[in-house]
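S.K.: Sequence:
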Amino acid sequence: MDKNEEVIQLLKTYEQEHIVQLLEKLEGEKKEKLVDQINKIDFHQMMELYENTKKEIEIKENKIEAIKYLDKEKLTKNEKEKFEELGQKIIVSNQYAVVTMAGGQGTRLGHTGPKGTFKLDVYGKGKYLFEILAENLKEANKKYDTTIPWYIMTSKENNDETQEFLEKHNYFGYDKNNVMLFKQGELPLIDTEGKMLIGKDLKIKEASDGNGGLFLSLRKTGMLADMKEKGIKWIFIGSVDNAILKMVDTTLLGMAIEKNVQIASKSVLKANAHERVGVFCKMNGHPKVIEYTELPEQMAEEVDNNGELKYGESHIMCNLFTIDAIEKISKEPLIYHSAFKKNSYIDENGKEIIPEEPNSYKFEAFIFDSFEIFDDIAILRGKREDDFAPVKNKEGVDSPKTAKELYEKYWERQK
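For the sequence shown, the working numbering assigns the number 1 to the initial residue and increments by one for each residue that follows.
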C-alpha cells in the first residue's frame with residue numbers, strides 16, 4: 001500500500017471522508033503539505049476527545065481541603081535570609097531558566113499582533129510587554145552576575161511576527177544568544193459531527209492546545225534537551241501579560257528548595273470571595289487549582305480562624321518547576337478541556353462558511369492540571385500590588401489602565 005492509500009485508509013477509518021475528497025482534488029505541494037499534516041495527527045486521541053464532549057461530566061466525590069502556604073510579608077528575618085541564600089546559589093551557578101508563554105494575540109485588547117508586542121502606556125512614552133520582561137531579567141542578570149536563558153513559547157500564528165519584532169528591537173538589549181523561541185502545540189478543531197474542519201489554506205484547521213501543552217512542546221522542540229545541556233535545575237514559567245511579574249524571586253526559589261518539592265507557585269489573596277480566579281487547594285491529597293466556576297459558593301465564602309478566606313490563594317501564573325518535574329509532566333498527557341466555539345471553515349464546495357453560532361470544539365490542557373501529578377507544592381503568598389498587574393481586557397478590571405497604575409506605583413515604591 002503506498003503512502004497516499006495509507007492516508008486515505010486512515011481517514012476512512014476515522015470517518016473523515018470529506019478530507020479524502022479534498023485530497024483527491026489537490027495536487028503537488030498543497031497535497032504533500034496536507035498528507036504531511038495528516039500523518040502528524042493522532043486520530044485515535046482526537047476521536048476520544050470528541051467522544052468525551054458527548055459525555056455528561058461526572059461529579060465525583062472529591063475531598064477538597066485548604067492548602068498550606070507561607071506569607072512573604074510574615075516570614076521571619078532568618079527564614080527570608082535562608083530562602084534567599086538558597087535561591088541565589090542556584091541563580092549564580094547558572095542553574096536557572098525562564099519560560100515566557102507568549103502564544104496569544106492581543107485581540108481582546110484591540111491590538112493586532114502578538115500580545116507581547118502590546119505597548120503599555122507607562123511614563124508617557126510607553127513600554128512593550130516584551131520590553132518590560134526583558135528589563136526584569138536584565139536587572140536580575142546584573143544583580144547576580146549571570147545571563148539567565150530565556151525561552152519564549154510562541155504559536156504557529158505569531159511565531160514569525162514575534163521573531164521579527166524582537167530582532168527589530170534588538171531583543172531590548174538582552175543577549176540574543178540566550179533567547180530561544182519555540183512553538184506551542186496545536187490540535188485539530190472538530191465539529192459536532194466529529195468531522196475535522198478545513199481551513200482556507202486547504203489544511204486541517206488547528207488551534208493551540210492550551211498552556212498545558214507547554215511541557216510537551218518543550219520536549220518536542222528540543223528546548224528541554226537544551227536546558228539539560230546547560231545544566232539547568234529550576235525553571236520559572238510565567239505569562240507575557242503580567243506587567244509586574246517577578247520571574248526571578250529568590251525567596252520563592254529558596255522556599256521550594258528548603259521544602260524539598262518539585263513544584264512551587266506564588267499566589268495572591270483573592271480580592272473577594274467571588275473574584276473570578278482559580279484558587280489553590282488540595283484535592284484527594286494532591287495540589288490542585290480549582291476554577292471559580294467549580295468551587296461551591298459555600299466553600300468560596302468559607303473563612304478560617306483568622307477571618308481570612310479558606311480558599312483564597314489565587315493562581316497568578318507564577319510557577320516554578322524542577323527540570324525533572326517538567327520531564328515527568330512532558331511524558332504524562334494532561335487532561336484536555338473542551339471549549340465550544342465559533343470557527344470558520346471551508347465546505348465541500350470550497351466555500352468559506354462563517355458561522356453565527358458556536359459550531360466546533362477546541363481542546364486545551366491547562367498548566368495547573370500538572371500540579372496533581374505531584375504530592376506537594378510550595379506556595380508563597382505575595383501581594384497583588386507587588387506581583388500581579390495583568391493586561392487581559394480592553395477596559396475595566398485587569399486592563400491596560402489598571403496595569404499601568406500598578407506598574408507605576410510599584411516602581412515608585414522601589415525608589
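Accuracy of the hints is not assured; some may be wrong.
[What the hints assert, rightly or not] Computed list of lysine-lysine pairs in DSBU-like fashion (alpha-carbon distance at most 35 Å, straight line):
#, residue 1, residue 2
1, Lys331, Lys68
2, Lys342, Lys68
3, Lys341, Lys331
4, Lys310, Lys200
5, Lys282, Lys54
6, Lys156, Lys310
7, Lys156, Lys138
8, Lys203, Lys259
9, Lys68, Lys40
10, Lys89, Lys259
11, Lys63, Lys119
12, Lys119, Lys415
13, Lys33, Lys142
14, Lys142, Lys409
15, Lys138, Lys40
16, Lys63, Lys331
17, Lys138, Lys183
18, Lys33, Lys310
19, Lys392, Lys415
20, Lys310, Lys183
21, Lys205, Lys74
22, Lys176, Lys415
[What the hints assert, rightly or not] What follows is a set of in silico ranges between Cβ atoms, one per label pair, in the way DEER data are often shown:
#, residue 1, residue 2, range
23, Gln9, Asp191, 35 to 45 Å
24, Lys25, Lys63, 54 to 64 Å
25, Ile354, Lys25, 14 to 24 Å
26, Pro355, Lys233, 46 to 56 Å
27, Lys25, Glu357, 22 to 32 Å
28, Glu167, Lys230, 19 to 29 Å
29, Glu308, Lys351, 52 to 62 Å
30, Lys233, Arg276, 30 to 40 Å
31, Glu308, Ser399, 25 to 35 Å
The set of hints was computed from the structure by calculation and includes no laboratory data.
Keep in mind it's a predicted model, so treat the numbers as computed, not measured.
Beta carbons are placed, not taken as given, at the ideal position from N, Cα and C, and that holds for glycine.
S.K.: List, from low to high, the hint numbers that the structure doesn't satisfy.
M.R.: 2, 4, 6, 8, 9, 11, 13, 15, 18, 20, 21 and 23
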